[in-house]
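Visitor: Residues per chain, in single letters:
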Amino acid sequence: MTGLLAVGAILLVGAAIVFVLWRGSGPRQDFLTEAQRITFETLHTAWSAAPPLRAGLVPEAAKKSARHLRTLLDTPALALTDEVEVVAWEGMGGHHSGDTMRLAQEVFSTGRTRAFDIGCTLPDCPVQIAVVAPLTVEGHVVGVLAAYSREASAGLVRATNEVARWASGQLELAELDRSRTRLVEAEVRALRAQISPHFIYNSLSAIASYVRTNPERARTLLLDFADFTRYSFRRHGDFTTLAEELKSIDQYLALERARFGERLTVTLQIAPEVLSVTVPFLCLQPLVENAVRHGMEGKVEPGHIQILAADAGAEAHITIEDDGIGMDPEALRRTLAGQVDETAGIGLGNIDERLRRFYGDDYGLVVETAQGLGTKISVRFPKYQHGLHA
Amino acid sequence: MDNTYGVVAVLVVALGTMLIGAYGLRISRTTSDFYVASRTVSPWWNASAIGGEYLSAASFVGIAGLIFAHGPDMLWFPVGYTAGYLVLLTLVAAPLRRSGAYTLPDFAEARFSSPVVRRVASGLAIAIAWLYLLPQFKGAGLTLHTVTGAPDWLGGLIVAVVVTVNVVSGGMRSVTFVQAFQYWLKLTAIAVPVVFLLLAWQAHGGQRVNGPEYPVFRQDTSVSFDTATVVDADHEVVYSGRGLVDGQRVEGDGLVLTQGEHTIAAGSTFVFPAGATVPHLESLPHTTNANWALPMSEGGEFPLYAVYSLILATFLGTMGLPHVIVRFYTNPNGRAARRTTLIVLGLLGIFYLMPPIYGVLGRLYTPELLLTGDTDAVVLVLPSRMIEGLGGQLLGALVAGGAFAAFLSTSSGLMVSLAGVLSQDVLKMRGVRGFRISAGLAAIVPLSMTLLVGGIPVADMVGLAFAVAASSLCPLLLLGIWSTRITTVGAVAGMLAGGLPALAAGIITISARTSDQWYHVFLSRPAAWTVPLGFVVMYAVSLLTPGKVPENVNRVMVRLHAPENLGLDTNEEPSMSDIRRRTEP
Numbered sequence: 001m002t003g004l005l006a007v008g009a010i011l012l013v014g015a016a017i018v019f020v021l022w023r024g025s026g027p028r029q030d031f032l033t034e035a036q037r038i039t040f041e042t043l044h045t046a047w048s049a050a051p052p053l054r055a056g057l058v059p060e061a062a063k064k065s066a067r068h069l070r071t072l073l074d075t076p077a078l079a080l081t082d083e084v085e086v087v088a089w090e091g092m093g094g095h096h097s098g099d100t101m102r103l104a105q106e107v108f109s110t111g112r113t114r115a116f117d118i119g120c121t122l123p124d125c126p127v128q129i130a131v132v133a134p135l136t137v138e139g140h141v142v143g144v145l146a147a148y149s150r151e152a153s154a155g156l157v158r159a160t161n162e163v164a165r166w167a168s169g170q171l172e173l174a175e176l177d178r179s180r181t182r183l184v185e186a187e188v189r190a191l192r193a194q195i196s197p198h199f200i201y202n203s204l205s206a207i208a209s210y211v212r213t214n215p216e217r218a219r220t221l222l223l224d225f226a227d228f229t230r231y232s233f234r235r236h237g238d239f240t241t242l243a244e245e246l247k248s249i250d251q252y253l254a255l256e257r258a259r260f261g262e263r264l265t266v267t268l269q270i271a272p273e274v275l276s277v278t279v280p281f282l283c284l285q286p287l288v289e290n291a292v293r294h295g296m297e298g299k300v301e302p303g304h305i306q307i308l309a310a311d312a313g314a315e316a317h318i319t320i321e322d323d324g325i326g327m328d329p330e331a332l333r334r335t336l337a338g339q340v341d342e343t344a345g346i347g348l349g350n351i352d353e354r355l356r357r358f359y360g361d362d363y364g365l366v367v368e369t370a371q372g373l374g375t376k377i378s379v380r381f382p383k384y385q386h387g388l389h390a
Numbered sequence: 001m002d003n004t005y006g007v008v009a010v011l012v013v014a015l016g017t018m019l020i021g022a023y024g025l026r027i028s029r030t031t032s033d034f035y036v037a038s039r040t041v042s043p044w045w046n047a048s049a050i051g052g053e054y055l056s057a058a059s060f061v062g063i064a065g066l067i068f069a070h071g072p073d074m075l076w077f078p079v080g081y082t083a084g085y086l087v088l089l090t091l092v093a094a095p096l097r098r099s100g101a102y103t104l105p106d107f108a109e110a111r112f113s114s115p116v117v118r119r120v121a122s123g124l125a126i127a128i129a130w131l132y133l134l135p136q137f138k139g140a141g142l143t144l145h146t147v148t149g150a151p152d153w154l155g156g157l158i159v160a161v162v163v164t165v166n167v168v169s170g171g172m173r174s175v176t177f178v179q180a181f182q183y184w185l186k187l188t189a190i191a192v193p194v195v196f197l198l199l200a201w202q203a204h205g206g207q208r209v210n211g212p213e214y215p216v217f218r219q220d221t222s223v224s225f226d227t228a229t230v231v232d233a234d235h236e237v238v239y240s241g242r243g244l245v246d247g248q249r250v251e252g253d254g255l256v257l258t259q260g261e262h263t264i265a266a267g268s269t270f271v272f273p274a275g276a277t278v279p280h281l282e283s284l285p286h287t288t289n290a291n292w293a294l295p296m297s298e299g300g301e302f303p304l305y306a307v308y309s310l311i312l313a314t315f316l317g318t319m320g321l322p323h324v325i326v327r328f329y330t331n332p333n334g335r336a337a338r339r340t341t342l343i344v345l346g347l348l349g350i351f352y353l354m355p356p357i358y359g360v361l362g363r364l365y366t367p368e369l370l371l372t373g374d375t376d377a378v379v380l381v382l383p384s385r386m387i388e389g390l391g392g393q394l395l396g397a398l399v400a401g402g403a404f405a406a407f408l409s410t411s412s413g414l415m416v417s418l419a420g421v422l423s424q425d426v427l428k429m430r431g432v433r434g435f436r437i438s439a440g441l442a443a444i445v446p447l448s449m450t451l452l453v454g455g456i457p458v459a460d461m462v463g464l465a466f467a468v469a470a471s472s473l474c475p476l477l478l479l480g481i482w483s484t485r486i487t488t489v490g491a492v493a494g495m496l497a498g499g500l501p502a503l504a505a506g507i508i509t510i511s512a513r514t515s516d517q518w519y520h521v522f523l524s525r526p527a528a529w530t531v532p533l534g535f536v537v538m539y540a541v542s543l544l545t546p547g548k549v550p551e552n553v554n555r556v557m558v559r560l561h562a563p564e565n566l567g568l569d570t571n572e573e574p575s576m577s578d579i580r581r582r583t584e585p
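Those protein sequences? They're chains A and B, same order as listed. Heads up, the first sequence is in our numbering, so the first residue is 1 and it goes up one at a time. Heads up, the second sequence is in our numbering, so the first residue is 1 and it goes up one at a time.
These are computed hints drawn from the structure, not numbers from a lab. Careful, some of the hints might be misleading.
Unchecked claim - Result set (PhoX-like, lysine-lysine): computed pairs, CA atoms no more than 20 Å apart in a straight line:
(1) 64(A) x 548(B)
(2) 376(A) x 299(A)
(3) 63(A) x 548(B)
This one's a predicted model, so the numbers in the text were calculated from it and none came from an experiment.
Generate the whole structure from the sequences, applying the supplied hints.
Guide: Structural data, given as structure tokens:
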């Protein structure tokens, strides 16, 4: 029994320590001056409203941001709209929600903040005055912020105006995010359409040379060619499995070997555990193509390419290595930094950008190279990333 | 007994594991073999690997020890360990695979899109993995102690070091084939001796196991006491040797242990004559063999509760074990996950036929273990006891090697999955470095805990890990997969309401001596009250917070339940290589 008590006491003390540490680690509330406190509280509330605003004017997120924006303005009610309807109503007097779009019409056309007298006749309804301010993205009014109050004051109009301007800034950032996404998507589409004409020409000539001597091989190669182009031109989905991507690489290599013959040798070491890992579409094939190009270019002796896929706990590690002419590290750095270099193609930079965007900055490409010393590219993929599915 | 072969077997297994880890299966392949290289792991291989990782110390030495001491009630352990996969097969395997999750926290996040649910799930997964590593280290200590007489903590340390070095150096990762091999090694190590033991038993006259008498010494047996031991003699026993009994120094021949309780001091060594009734360790049940062979004969408080609690914990706990879930990721799709589970059921079923035979024969051949309390050692001692000479020693070495393989493979499976969770959710360090630090952390905690833990049977400790898994992560998986109404708040509340009491009960059982209290069984077998608690709280809180249902629940549910080849997510057409396969002869 005493043992039980002792353990109980230990658990209680442990819980108490955890609680104290937890409380102690929160934001400290002791400020030197009142101004500091106000600054802190205002900016803190503003930043709480920022993440949902970044999601745009959609009902679920707008609801969250409206709550913080109302705290900032300290009004009884606040509404956010997009160009068509009210997306969030925060606070009392919800029955006025239907009128908001009518009031907003004028603001949409002029783009200027205006106060309206509503004059609600219901007793206890705090919604008497509405201050409607535009939310502007790139000079275009995409919605309004309406603050409702009991009485009108010039201060309220100015404060509402400022909050709406700040919110517009966040919405513009959201728009920026979206255009960045669109840009990358466009690049992936470009990458898909980017099977090089030389590759098509070379593959078809290689196949043609087998048609009479080895029709069976020619048939296999043609099927490989068909599958490879079909995969590369695939329209749907940004993700695939490592197995699919490796299959496409195999078809690509089969075609390249038909052309280079004995000069191109390839070693593969694939851990079967990682084959089901979800990876971005066309994130490895361009690296292999790069290795073939660098491994075989400008030399007569055979080129060797090694592809390793290893299982590493919660991650898959992939390396692609060639023994060719290597790359100029400086040019490579420029490519990866986004200054597209024509010779390196858009491949490496695009893949690096996509990996970082999906998995975070820890997961970019790692390239080890020097001129004349070959190239080794390493990629890591987490086995699970929330929201990504093949 | 001559231990050389046993030591050699343990060394071979430990070194072999290190070497495989260091050199890996470095088989390079050229492109002509690409399809071989890139073929996914077949359900057979994967099932063997799951079996290899799953059959732990509890299965290899623990079950036999419990049946030896407590009788057929303990058969629920092997039955439950296997039946857990039946529940997994019917309710969890395929949807879990389709969720794309690698660890349980991954599943929590995939299903609920909430970092809070993820964090709670990972906390519990870590606790379960530590609770499960503990008996592995403990069992390794026991094995090494039995084989060589080395101190109890040494075996655990060796296993911890071997596994950590292996995991950190990058070995034991692409381990499907290694683990699959381990299953067959363990099956051989436990099944081959069984054949010889049964033959020897028949050659000795095939004595009945459920006779009316108390267990008796078959031959003059020397027993050494490493710790102070309280024993209970049912009959007067004449013995010889030297030592301290009840505080009095005794020495010579013709000593008499009177009926009743006695305390024997550490360092005593006594020889008991053939035919004498075996005095029992005071805390073990002592019954006649006939009574031992009957279910629920043990008495004790609430025997029926204990049995149902065990059934619930093992049936529902398997799905919450971190190293089991991780293996399913290797399956290419939900269908393969189901096939794998089906095969696992068969493989485990065959293996679990063996340990009870050791437990039963132990009643006849190694009854002195009832006196010292080292009941878990029955598997290790039996072969050399029953079979004279070199044959017995070799079989003993085989069993010892198999047991060590069991500790190593289970520990490394646990360690890899645990290090994954630690690096991702606790240290927030991804990449190789984070994984290495996590692996170290994953080993140190349970290793230091083994020093604190007293004489709890290995299988009982494993039972506690199962109980925590069954009361926290099992509700999350079952309700998460089969109900659309579960909310994030409900998930967290249910996991905590089931998991924390089970965890607290486990910690109390391990650290405090409560075995003589009436409530002991509720702490050592908590599942029967914590599992319903977890389920009820999760569902009830979810109904009370309908606003917190994750927004994308319907999309997630389609992904979990729709077979992949329906193409609800994609619009694949058959590829040319499929066509090629069909058209070519």
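Visitor: All hints are to be evaluated individually against the structure, with a verdict given for each.
Guide: Hint-by-hint comparison with the structure:
no., hint, verdict
1, 64(A) x 548(B), "holds, 14 Å"
2, 376(A) x 299(A), "holds, 18 Å"
3, 63(A) x 548(B), "holds, 15 Å"
Comparing the model with each numbered hint stated earlier shows that all of them hold.
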